[in-house]
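As given, the protein sequences belong to chains G and H, one line each in that order. Each residue of the first sequence is one higher than the one before, starting from 1 at the first, in the numbering used here. Each residue of the second sequence is one higher than the one before, starting from 1 at the first, in the numbering used here.
Everything labelled a hint here was simulated from the structure, so no lab data went into it. Computed from a predicted structure; not experimentally measured. A few of these clues could be false.
As the list makes no split between identical chains, a pair holds if one copy fits it or if it spans any two.
With a straight-line cut-off of 25 Å between C-alpha atoms, the simulated DMTMM-like cross-links for lysine to aspartate or glutamate are [said to hold, decoys possible]: (1) 246 with 125; (2) 246 with 300; (3) 57 with 270; (4) 128 with 250.
There are 2 protein chains.
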Amino acid sequence: MGSRDGSGGHSTEDQVYAADIQSIREAQARIAPYVHRTPVLSSTSIDAIAGKQLFFKCECFQKAGAFKIRGASNSIFALDDEQASKGVVTHSSGNHAAAVALAAKLRGIPAHIVIPRNAPACKVENVKRYGGQIIWSDVSIESRESVCKKVQEETGAVLIHPFNNKYTIRRPGFDAQPLRMCGAEPKGADDSAQSKAAGKIITLPSTNTIADGLRAFLGDLTWPVVRDLVDDIIVVDDNAIVDAMKMCYEILKVAVEPSGAIGLAAALSDEFKQSSAWHESSKIGIIVSGGNVDLGVLWESFHKR
Amino acid sequence: MGSRDGSGGHSTEDQVYAADIQSIREAQARIAPYVHRTPVLSSTSIDAIAGKQLFFKCECFQKAGAFKIRGASNSIFALDDEQASKGVVTHSSGNHAAAVALAAKLRGIPAHIVIPRNAPACKVENVKRYGGQIIWSDVSIESRESVCKKVQEETGAVLIHPFNNKYTIRRPGFDAQPLRMCGAEPKGADDSAQSKAAGKIITLPSTNTIADGLRAFLGDLTWPVVRDLVDDIIVVDDNAIVDAMKMCYEILKVAVEPSGAIGLAAALSDEFKQSSAWHESSKIGIIVSGGNVDLGVLWESFHKR
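One chain only, chain G, in its complex shape (with noise of 0.2 Å):
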């Protein structure tokens, strides 16, 4: 299944993917040394709430504390000597940023790190401790873009771009077990679920949600995957997500951040009840998908509620 193309691109049947199982299979490989084996955690309590068995994969415990090193150390191993000899350089509010900061230390190599004045202190910090070099930028886009790409130009370091990016893309849905794949939107941010009922990507002018790592955009390689390979995505407002963020700490012991928390508030949603994939499964894997959160910005979530 799959073959290269001159872009780097794989095809499978019609459509061509950014990434398929033979490329992920090679990141596996290129990754291992540099991650953690995450662990999968459950707890009846919660599946009593739930109504299902849940389990929960913990890439809060990953290396920089999210899910994010894999494509990160994916990409920066992937360069040649004389790619990484120069750096690399991204724009990111948080895990990526610092996943791509401890990735170019891994592999002894400068990392520029364009990081918008609205990122939370604690992935600034994260960024920091790993040695990362921080340019800031204003909070748009279009700035974070422009910052980088000057950056680029004068160090000539590669662009590990944070989301719409063939090495960093996790397609799901290769297993053999029938699998129902959803994503999770805060409705502040449902530029994946606003495409997908479109069938073309759909931008959003701004977004406003307390999950500050998933304010991101389709870019043109990740949204085939998800038109294609997702089958629903499930929104949840800022309340949802406070409270499974909540029930994280309390009951699974989890300190998760609002973006990690957010598959859990799916899988709890009236909307997720509703689905066919919620009456055709009896297990539900979720992806805590990262943990960094300043614990003063946590407790005020907790206490405007």
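Please arrange chain H on chain G, whose structure you already have, making use of the hints.
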């Protein structure tokens, strides 16, 4: 090594302990169906702070949120059917209470739980969730014990003692590897450290620590184990406990209660760094014993600093 005597104790050389390798293996087999195999986590960021490799055995992910289900299920599933039929009783302000309630529920017998009025709300909630019948007592150990005795007399329930119980003792030190065993205690409840210094059981008139799970005392079954088999007791103050707890949340991404963070606090303490255990070890295992904490209380403890 060791053989049963009439009182159920086990002897090693001259000293009789309440647990030996055989009783521990029996316990392991008895409780296996009822407990999680919890993961061991590590963090290079915390290792860098500590100056050693630390391995965190995360018993906060255990059933009922703490290691206590091990002793409770061992005690309750060791009862014969006639003993079990009348139910069990215990007094505890927290994790042992919830663990006894859950283990009794798993065995299908009643659990009477005597809880002092100063118990953390989330731990009381856990007892309720597992169907334990709550009887309130005053805070003093005398009140707890007298209420407990009354319940025993009225119901015929078997006492599952919260700490002085041969089925809940987790005796370390049988491993073939050279292993240094250190305990950790809060300054406001350091009866073990004082007892080791005095060579006899010292019982404190009162305790004062944020670590609500560590306010219990030594008993005649636990004292010989602590006296002979624990190399050293590291005493840390509540500030160090809160610092370690914050590190668990922010870096390890694990939601721990104060008592669960004390092992890390001890590993980072000056006292430990001056000990021979520190100088003779490259790898340090830490038991993260529990994760049941009221988020409001947690925040206040961070905020007060």
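Item to check | Homo-oligomer pair classification [residue 300, residue 246; C-alpha up to 25 Å] | outcome: both (12 Å within a copy, 16 Å between copies)
Next on the checklist: At most 25 Å between alpha carbons: which applies to residue 246 and residue 125, within, between, both or neither?
Outcome noted: Both. Shortest intra-copy (24 Å) and inter-copy (15 Å) distances satisfy the 25 Å Cα cut-off.
Next on the checklist: Treating 25 Å as the Cα threshold, decide for residue 57 and residue 270: within, between, both or neither.
Outcome noted: Classified as within; 22 Å inside a copy, 36 Å across copies.
Item to check | Intra- versus inter-copy proximity for residue 250 and residue 128 (alpha-carbon distance at most 25 Å) | outcome: between (30 Å within a copy, 15 Å between copies)
Violated hints: none; the structure is consistent with every hint.
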